[in-house]
Amino acid sequence: MIFRTFLFALPFMSLSVFAGWDDVNMSPGATALGQEIFGLHMTIFWICFAIGVAVLGAMAFILFRYRKKEGVEAAKFDDSTFLEFTWTILFALILIGMSIPATITMIRAYDDTEGDINILITGHQWKWQYEYIEDEVSFFSNLSTSLDERNNLAPKGENYLLEVDEHLVIPTGARIRFLITANDVIHSWWVPDFAIKQDAIPGFVNTGWTQVNEPGIFRGQCTELCGQYHGYMPIVVEAVSPEEYKEFIIQKKEAKLQQAALTEKLWTTEELMAMGEGVYQKNCVACHQVNGEGLAPVFPALAGSDIVMNDKARQIEILMEGVQGAAMQSYAEQLTEVEIAAVITYTKRSWGNDVNGNGEIVAPKEILDYKTNKL
Amino acid sequence: MSAVIESHHDDHHHGPAKGFSRWLYTTNHKDIGSLYLWFSFIMLFVGGAMAMVIRAELFEPGSQIVSPEFYNQMVTNHGLIMVFGVIMPAFVGLANWMIPMQIGAPDMALPRLNNLSFWILPAAFGVLLSTFLMEGGAPNFGWTFYAPLSTEYAPPTVTFFIFSVHIMGASSIMGSINIITTILNMRAPGMTLMKMPLFVWSWLITAYLLIAVMPVLAGAVTMMLMDIHFGTSFFNAAGGGDPVLFQHVFWFFGHPEVYIMILPAFGIISHIIETFSRKPIFGYSSMVYAIASIALLSFVVWAHHMFTVGMPIAGELFFMYSTMLIAIPTGVKVFNWLSTMFRGSLTFETPMLFAIAFVALFTIGGLSGLMLAIAPADFQYHDTYFVVAHFHYVLVPGALFSIVAAVYYWLPKWTGYMYDEVLGKTHFWLSFISVNLTFFPMHFVGLAGMPRRIPDYAMQFADYNMIVSVGAFLFGLSQLLFLFNVLKCVYYGKSATAEVWEGAKGKGLEWTVDSPAPYHTFETSPDLTKPQTNS
Ligand SMILES: [Cu+2]
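Protein chains in written order, with my numbering: chain A, 31 to 405; chain B, 83 to 617.
Chain A on its own, in the form it takes in the complex (with noise of 0.2 Å):
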């Protein structure tokens, strides 16, 4: 199947192939430090594309001259100081010729003065966390392309794998600054356009900065190998402008009010398992399987699990503390109190664990008394 479509493709391939600049080429950048970064690497390119054509150049007029013919003798030389010195100091030359404009660029990438906007960014076994540090505004972001297209079962969109639930939305013509750090192992938070590539390590707060002049939607990806789902974390960043900004602010800001009126109303079981079955696609598929019955050996089934069946106290401790050295992790920040009650009632109530165990249906409420106690 897939040699038939390559072989169909073949013809239009090499079409394609040579369209775009886009496709073989980095990004001119989209910010004033992107833009500089890709003329550092153009100069370069040329520089090094020039030393490859005189090289392979040379090479191919030696190989075709000096083959073996009849009655010619090889010479016998096999020595010259003078042309050693000659090009080792030609070298030299080249590479302080290439160090300056680069010396130049780096100081401008390292400038660290404060954004008018500082946002920190956390990186997370498979998605990344957006805090507006000024705002007090956080989020989660997680990729939103479909199993279904993953797995070739439906036509792939035009963003597939660089497309998210959650855009990052920065205001253009500000100063933002970012703060890059993780929670899990390393990550790497890359936007090609802004030319910021910084791992994200736990313990460690990485910076970089950007500032956008013009309206867009900017996409990247996590570029350090963090776990399987490595390739499924994307990055999609939208500036926009600075009156559209003040508006999503004040909607994030709504919302989380909002959730707190969500979390005092009275839910029925089939709201609480609607939304469960939502939050569960969403957060927990990726290692507990949609059937609920893990990977072996180092996810846990959830289908027959005691916990889930039997022991309500517990679950809820494991979503909001996560476990200690392993990769389940604490959902407290990630998930309202009205979507950890869902979940947690959706997961007694499927794959045969309610009629195991007993099926109980927990409430909101009593995650955010969880969360008060423990204040």
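Hints listed in this document are in silico derivations from the structure and should not be mistaken for laboratory results. Among the clues, some could well be false.
[As the list claims (entries may be wrong)] DSS-like mimics (lysine-lysine), calculated; alpha carbons at most 30 Å apart, straight line: (1) Lys-106/A - Lys-277/B; (2) Lys-570/B - Lys-98/A; (3) Lys-99/A - Lys-576/B; (4) Lys-570/B - Lys-587/B; (5) Lys-312/A - Lys-282/A; (6) Lys-98/A - Lys-507/B; (7) Lys-277/B - Lys-587/B; (8) Lys-282/A - Lys-395/A; (9) Lys-312/A - Lys-186/A; (10) Lys-401/A - Lys-342/A; (11) Lys-587/B - Lys-576/B; (12) Lys-312/A - Lys-401/A; (13) Lys-286/A - Lys-342/A; (14) Lys-589/B - Lys-98/A; (15) Lys-576/B - Lys-612/B; (16) Lys-277/B - Lys-612/B; (17) Lys-276/A - Lys-312/A; (18) Lys-100/B - Lys-612/B; (19) Lys-587/B - Lys-106/A; (20) Lys-507/B - Lys-99/A; (21) Lys-99/A - Lys-587/B; (22) Lys-98/A - Lys-277/B; (23) Lys-612/B - Lys-106/A; (24) Lys-612/B - Lys-507/B; (25) Lys-589/B - Lys-99/A; (26) Lys-106/A - Lys-507/B; (27) Lys-98/A - Lys-576/B; (28) Lys-576/B - Lys-100/B; (29) Lys-283/A - Lys-295/A; (30) Lys-589/B - Lys-576/B; (31) Lys-587/B - Lys-507/B; (32) Lys-342/A - Lys-295/A; (33) Lys-312/A - Lys-283/A; (34) Lys-401/A - Lys-295/A; (35) Lys-98/A - Lys-100/B; (36) Lys-295/A - Lys-282/A; (37) Lys-589/B - Lys-106/A; (38) Lys-395/A - Lys-295/A; (39) Lys-587/B - Lys-612/B.
Here the structure is a predicted model, which means the values were calculated and not measured.
Here the structure of chain A is known, so what remains is to put chain B with the ligand in place on it, guided by the hints.
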């Protein structure tokens, strides 16, 4: 396995024993050299099969044949096997075969140690590969095994991985001790250091590098072991440790390791080019100094693998400048090879074809390396396919081609038979075309933004990835031709002369002994203080 056949005149020496015990107990440098070479040949196909799985998965966007988890296991083990199981043992095998013959010694200085350093290698790889059958699967954290992915978050089999790396390290250290001792003590009278063949020089320096850095690798994996099983926190931030420390320790080993995989190639290529140019090597002493300075510089460039971890700017600049410096001795070597061919009388037998491809494609890999050295630009290149393209250019048409060239070059000396030249040239052209088809487009997808080590990718990378995969399948298949050619040579080849190549006259002591080289050579050392004659 009969790469060495019985010596003709063994009336007063013992020949090889019969059967398997010959190979198990052997202390003969030629037998051990063959063992190393066959071992790395087999591992080439194991690691190559993993590369085929990787390329099949990446043939098209979308999930194809394996899970993301298994994909990571393939990427990790492909890297580990190719580095520690193919390139390094192959060079050690060549060292075993050729160093005693090139310096006029009867054998390696420490033959029993030699036997041990080979035989623990299959054990090490047995341990590593057995993890595929265990619960939790094989190591999946990349051949660079960054903590904490390889400690707190690793599958339980990581302990086997650590054990296996320890054994590989012990094997390399014993091998290096042996090589250094042999070279320093067993040269024929009259062979001063500055008269040693370049392959011997390159190995002398490589062996010192190995002794210097293998213990560092052992230290890194031991710290991991402590973190995993004994409650320390070397690399655990929550316990007050430092995940970046791991990278510093790893690359302090890792960067010299990169040169360990290329310096012996420099020696080999120099010999082949001088033979088929029918001229002496140009700039012998500058070749030696270049190798030595590359080796020294390799200790002060390690953090160019870590430009994005958040170093202070002084660190970034220092490692950028020191890395750029390496271009100088490397450039000197390339120019010396060109000058050796200049005004020569060139013929293009298979070893020469591979050597020429080495010089050309290694130059491309070197230039992309120079681009990667430019720290601010590396922010964009780092951990993308551009890096994958770069290191495959220096390792496949670089290191691997040099090994293939060496095998074609010395095979008649080892077996006494010529390989099939037509098959050899076919093998070359297929490899040359497919290696470029595989690795050249990786530069493009890397610049366009494709990260490395991902099992699936965005739509804009689809076309080039398909080309890369086709190239890779073709390259994989072409190597079967190599295997066939070697076997055909061993069993059906035409007899070779002692000198084998027209241009080999006066190009080293190995060409003065019969083909095949007798089981024991140079029991009395040749006296180089007297004028040389080719027997
Ligand atoms: Cu990541």
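Hints, verified against the model:
1. Simply put, Lys-106/A and Lys-277/B have alpha-carbon atoms about 18 Å apart, close enough for the 30 Å limit, and the pair holds.
2. A C-alpha spacing of about 29 Å is found between Lys-570/B and Lys-98/A, which places the hinted pair at or below 30 Å, so the restraint holds.
3. For the given pair, Lys-99/A sits about 26 Å from Lys-576/B by alpha-carbon distance, which is consistent with the 30 Å threshold.
4. Our distance criterion of 30 Å between C-alpha atoms is met by Lys-570/B and Lys-587/B, whose separation comes to about 27 Å.
5. A distance of roughly 20 Å separates the Cα atoms of Lys-312/A and Lys-282/A; the hinted pair therefore holds under the 30 Å criterion.
6. Among the hinted pairs, Lys-98/A with Lys-507/B is consistent with the structure: their alpha-carbon atoms are about 18 Å apart, no more than 30 Å.
7. Annotation: proposed proximity of Lys-277/B to Lys-587/B holds, straight-line Cα distance about 16 Å (limit 30 Å).
8. Distance hint between Lys-282/A and Lys-395/A is fulfilled; the C-alpha atoms sit about 22 Å from each other, no more than 30 Å.
9. Taking the CA atoms of Lys-312/A and Lys-186/A, the gap is about 19 Å. The hint holds against a cut of 30 Å.
10. A hinted pair counts as satisfied when its Cα atoms are at most 30 Å apart, and Lys-401/A with Lys-342/A qualifies at roughly 15 Å.
11. For a cut-off of 30 Å, the pair hint linking Lys-587/B to Lys-576/B stands: about 21 Å separates their Cα positions.
12. For the suggested pair Lys-312/A and Lys-401/A, the alpha carbons sit about 23 Å apart, so the restraint of at most 30 Å is met.
13. With a C-alpha separation of about 26 Å, the suggested pairing of Lys-286/A with Lys-342/A holds against the 30 Å cut-off.
14. Taken as a hint, the Lys-589/B and Lys-98/A pair is honoured in the structure, with Cα atoms around 18 Å apart against an allowance of 30 Å.
15. With a C-alpha separation of about 34 Å, the suggested pair Lys-576/B and Lys-612/B falls outside the 30 Å cut-off, and the hint is violated.
16. Using a Cα cut-off of 30 Å, the hinted pair Lys-277/B and Lys-612/B holds, with the two alpha carbons roughly 14 Å apart.
17. A hinted pair counts as satisfied when its Cα atoms are at most 30 Å apart, and Lys-276/A with Lys-312/A qualifies at roughly 28 Å.
18. A C-alpha spacing of about 39 Å is found between Lys-100/B and Lys-612/B, which places the hinted pair above 30 Å, so the restraint is violated.
19. At roughly 14 Å between alpha-carbon atoms, Lys-587/B and Lys-106/A fall within 30 Å of each other, so this suggested pair holds.
20. This hinted pair checks out: Lys-507/B and Lys-99/A have alpha carbons roughly 21 Å apart, not beyond 30 Å.
21. Restraint check for Lys-99/A and Lys-587/B: satisfied, since their Cα atoms lie roughly 19 Å apart, inside the 30 Å limit.
22. A C-alpha spacing of about 28 Å is found between Lys-98/A and Lys-277/B, which places the hinted pair at or below 30 Å, so the restraint holds.
23. Distance hint between Lys-612/B and Lys-106/A is fulfilled; the C-alpha atoms sit about 22 Å from each other, no more than 30 Å.
24. Taking the CA atoms of Lys-612/B and Lys-507/B, the gap is near 39 Å; set against the 30 Å cutoff, the hint is violated.
25. Under the criterion of a C-alpha separation no larger than 30 Å, the hint pairing Lys-589/B with Lys-99/A is consistent with the structure, at around 21 Å.
26. Distance hint between Lys-106/A and Lys-507/B is fulfilled; the C-alpha atoms sit about 29 Å from each other, no more than 30 Å.
27. Note on Lys-98/A and Lys-576/B: the hinted pairing holds, with a Cα-Cα distance of about 24 Å set against a maximum of 30 Å.
28. At most 30 Å may separate the alpha-carbon atoms for a hinted pair to count; Lys-576/B and Lys-100/B meet this at roughly 25 Å.
29. With a C-alpha separation of about 19 Å, the suggested pairing of Lys-283/A with Lys-295/A holds against the 30 Å cut-off.
30. For the hint pairing Lys-589/B with Lys-576/B, the CA-to-CA distance comes to about 23 Å; that is within 30 Å, so the pair holds.
31. At most 30 Å may separate the alpha-carbon atoms for a hinted pair to count; Lys-587/B and Lys-507/B meet this at roughly 23 Å.
32. With a C-alpha separation of about 21 Å, the suggested pair Lys-342/A and Lys-295/A falls inside the 30 Å cut-off, and the hint holds.
33. With a CA separation close to 23 Å, the supplied pair Lys-312/A and Lys-283/A stays within the 30 Å bound.
34. Pair hint Lys-401/A plus Lys-295/A holds up; C-alpha atoms about 17 Å apart against a cutoff of 30 Å.
35. With a C-alpha separation of about 45 Å, the suggested pairing of Lys-98/A with Lys-100/B is violated against the 30 Å cut-off.
36. For the given pair, Lys-295/A sits about 20 Å from Lys-282/A by alpha-carbon distance, which is consistent with the 30 Å threshold.
37. Under the criterion of a C-alpha separation no larger than 30 Å, the hint pairing Lys-589/B with Lys-106/A is consistent with the structure, at around 14 Å.
38. The hinted pair formed by Lys-395/A and Lys-295/A meets the criterion: a straight-line CA distance of about 9 Å does not exceed 30 Å.
39. A hinted pair counts as satisfied when its Cα atoms are at most 30 Å apart, and Lys-587/B with Lys-612/B qualifies at roughly 17 Å.
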